[in-house]
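Participant: Chain residues, written in single-letter form:
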Amino acid sequence: MDIEVEGRVEMVTLSLRDGELQCVSSDARNDGPHVHAALQFVAGMETREDSSPPGAVVSTAPQSVEQSAASELADALDDLLTAITRIGVGKAQHAPSVDAALERLIGAAPKPTPSGLGRFIGRLQQAMRSAELRRVVRLLEGASQLADALRAGTPSPQAELRIAEWLGTRPGTRPEVELLYDRTMIEVAREWLPGTERASLERRYLVDAQSGVVYREDRLRNATASLGPCPRQLQVGLAEVEAGPGPRRIRVLQYEVEPHVPAESWDCLRQVASQSFAEVTESYRATLRASPSLAEPFALVAPFRVERNGVFKAFDAEGHQLMLDRSERRGAVLAFYDLLAQGMEPSWLAGRLTDAGTTVCLTPFAIGTFDGKYTRL
Amino acid sequence: MAHNLDTDVDTLELCLREGIAGNEYADPRETLGCAPDTDDAEVARALVRIVAAHDLAQLGMQSVHPEAARHPSVRPPTEVTADPSFLGRLSTTGDEGLSVERIEDVQTLLAVLRAGSRRQRRAALGRLGERLADRRLLHSDDVRKAIQVISRLRDVELGYELAQLRVELPGTPGRAARQEREQWKRLAQRTEVEIRAFWDGQSSVDAIRALPGDQRALLLVRVSELSDLVVHHITAIIEGSDGCVRLESRIGLITSLRYARDPRLVPALVAVLEAERGELVASAARVLGGMDDARAQPALAERFERSFVAEERIALAGALGMHGDLRGLGEVRSSLEEDQPKLLLQALEAMENLGSPESTDLVTKFLDHSDASIAIQAARTCARIGDGRALDELTDGYNATAVPALRAAIEDALSAIAARMELRGEEAATIDWSEVGNKPAPRKGPRDSLPAISLGWRDYFMGRLWLLLGRVTWAIARFESAATRRDDWAVPLIGIGMAFTRREQYALALPAFRRAIEVDRLRIERNPILVRAMAKAFLHRAEQVEREGRDDVARGLVGEVLTLDLRRAPGTVRFELKRKHDVLRRGEQGDVHSAA
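Sequence lines, in order, name chains A and B. All the letters of the first sequence, read from the start, carry residue numbers 1 to 377 under my numbering. All the letters of the second sequence, read from the start, carry residue numbers 1001 to 1596 under my numbering.
Honestly, the hints are just simulated from the structure, not real lab data. Each residue gets a CB set at the ideal place from its N, CA and C atoms; glycine is no exception. Misleading hints may appear alongside valid ones.
Stretches of chain A that chain B covers, calculated by requiring three or more beta carbons in the stretch to come under 8 Å of a beta carbon on chain B [stated by the list, open to error]:
{"#": "1", "segment": "140–151"}
{"#": "2", "segment": "192–202"}
{"#": "3", "segment": "228–236"}
{"#": "4", "segment": "286–295"}
{"#": "5", "segment": "323–337"}
{"#": "6", "segment": "347–361"}
Given the sequences, and given the hints that come with them, work out the whole structure.
Facilitator: Structure below.
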């Protein structure tokens, strides 16, 4: 409930845990004036000034339904940011105020929860669980940018694009899509990702065999997408690519599936893979700047040289190094090391780009070798 | 006031980590240049903006951060270490310390093959294969005995390894194995063509689903040798991205891969663990348990930690046990102690990989369970635990039961325990089979008269002749006549059963086989050709009635044949019968959860 004391409004969460009533206000205090006021109210010692049900402080200015919904969502995003900042990233995972702010955000979002927002919530919960400050901050910065875009009376094209990335295209606006014809694409990896629920989104990574551009095909649980195993080769007759955070989302509309990818196609992939790690790093930084919350860059890289003595190190021709991220997909990393120990010579690697202590790293998803072999990790 | 940006950002990061409310270290308002009474919301936004901007600016600026350079060192244990004996410490890999790869003595390898864990048995078989490849040793007594054991071994769990090794054997077993391999090649080629047609849109039928159960088991026993196309098709079904296969069929396919070890299957199985629930997860966990792959244990452990479905947790615990991770032991023990009927079979199965001699009493109490499949599984679990204290209970169970399959399982268990005791250096238990078990019932009634015998044989041979000429009806009439001339004579009944089985008229073959079993069960059980035909007849008939939607009848048929001693039937048929029995049993309990 929202409690106002001396002109300051705080959200107070009351919960029953292990038979004990726990109270905490959104300023992270459990014995502050707002908590005392809330307890008095619950005990019936204080009456509300009005008879309306407790909830968010409602703006009295007349607004259209759409503006009101957008404003409510922006407020919910701000509340979430404030709740996490007050309690601290280290303690946010178990904070009732953060849980309540997330619930409010989901409540204020359009139904069903748009995949962009859902993925933001999933990533934020994951980052809070591991108390990764940098990731939480980037996610909150993106949320803050969305709140600004939602509040803008007449959103700029950039703000409109940002809203579309998060919430899908709004009624009355035209989706910004690029049409692709007659392309050969190869799916190199796929994974299940958390959204508002665990494993609510399946993501497939498709690489254009001619240009090396990576696309993502997202499929919500129980929804349909293109058919076929991973890996597979798709002869795409027609596809739509949405503008948005990298990798851009693709909708494959007309296609033929080849479940066996020929060795020549793997060779094509090796040729179009990024060979400069400096460029990979720069592209990673640019993608994150453009969309700090939603970008989940994925790269296909062809190392010039690989070192395997104990620790895997990949180098490009200029001597720049690319490390493996060992914090995610531990099994895949271990399997990757096992393959290296067995003498596998990777000619290209596909994986999600992340960073550890400001160093750009790669979480491995797939490996290709010079003899046209592919291994999904 | 000029600020040192790095110091300021460090302060701001500390504020963000610890929280700005009640932070006694620093107030970000001053660092951010805000008024002391600035609203928290405004401070929070400014704080996040500055720290995020600094973070993004720093990206890629340092060469290599030490945190990023660390090697993943936490590798899960792969060997069971709870047992300090020879077998408990026997590693399956590496050429140092106690490793199967270093064992030279064939007798010891044969004992490991009887008593070891699945991994140890696989490794022992591999090592035996190396020894057999040495032509100089072929004529030694030990190697001759090894060849005999390998050609007689009916271990379903080692189906692929046995098939590979038998191909190299001399004589009849080798020829039979090579013939089976050729049969597999033809089947694989045919399946590949059908899969290509499926993805080209020329066929809407999934080739693997359309295969009869024993053919599917035969195809998948050598999954490691299948082409990428077929394996990718299988992974599409496992992940549910083929667009046509139903949930039950997905579960069916995953259970058919129970003993597969192909690493190409691992990502799809891990995806099932991550995204699905219920029986799909349990089936995938059982397959991953047997995989020697670094991805399996972390995925199983992660799923175990967040699963709350008892059926899933038991299967995950068992699978983790195969990787030497005993975190689920307590839960499996509880299921057995509480005697939860729905979980008994799975808990006993999981105990195969988790159990130690401490669990012997807990397991042996199920040897006299009224449900034969539970008693059989208890005997199997005793075999894997290998505690000599179970010998008495097993012998009692053997003498008390009339179920041939249970007696067969107990025989195997006694042999495994004896081998384990031998490997532990204990006095090997010598089992006097003459003192164990039911003696053959004395023949009742008078012997058949000489004319009856000769007329019976005449009718029988006439029946064979009509069969050769293709006159089945006349042949069956002659066989029936032969059977009525003599009491307790199973030969003509077997002839009827075989004739109908060859013509794929399984519904007609069953009554004849049933009568033959009633008259002379041992004749069928001890003859590999007869037991194979009989088991296939039951299996195929069960598949037919299942397709008609009569699951209860199918369950009855599979349950009936599984009470017999099928050790001489082909491993693929036994595997498929057991798999079908498990699936139908779970269907009866309503355990096939929606994978939504």
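Participant: All hints, please: hold or fail.
Facilitator: Hint by hint, here is what the structure shows:
With a threshold of 8 Å between beta carbons, the proposed coverage of the segment 140–151 of chain A by chain B holds, since 3 of its residues qualify and at least three are required. Counting residues of the segment 192–202 of chain A whose beta carbon lies closer than 8 Å to any beta carbon of chain B gives 4, which reaches the threshold of three, so the coverage claim holds. With 5 residues bearing a CB less than 8 Å from a CB of chain B, the segment 228–236 of chain A meets the requirement of three and the coverage assertion stands. A count of 3 residues in the segment 286–295 of chain A with a Cβ less than 8 Å from any Cβ of chain B is obtained; the coverage claim is therefore met, three being the minimum.
With a threshold of 8 Å between beta carbons, the proposed coverage of the segment 323–337 of chain A by chain B holds, since 10 of its residues qualify and at least three are required. Interface restraint, the segment 347–361 of chain A with chain B: holds (7 residues with C-beta to C-beta distance below 8 Å; minimum three).
Comparing the model with each earlier hint shows no violations; every hint is respected.
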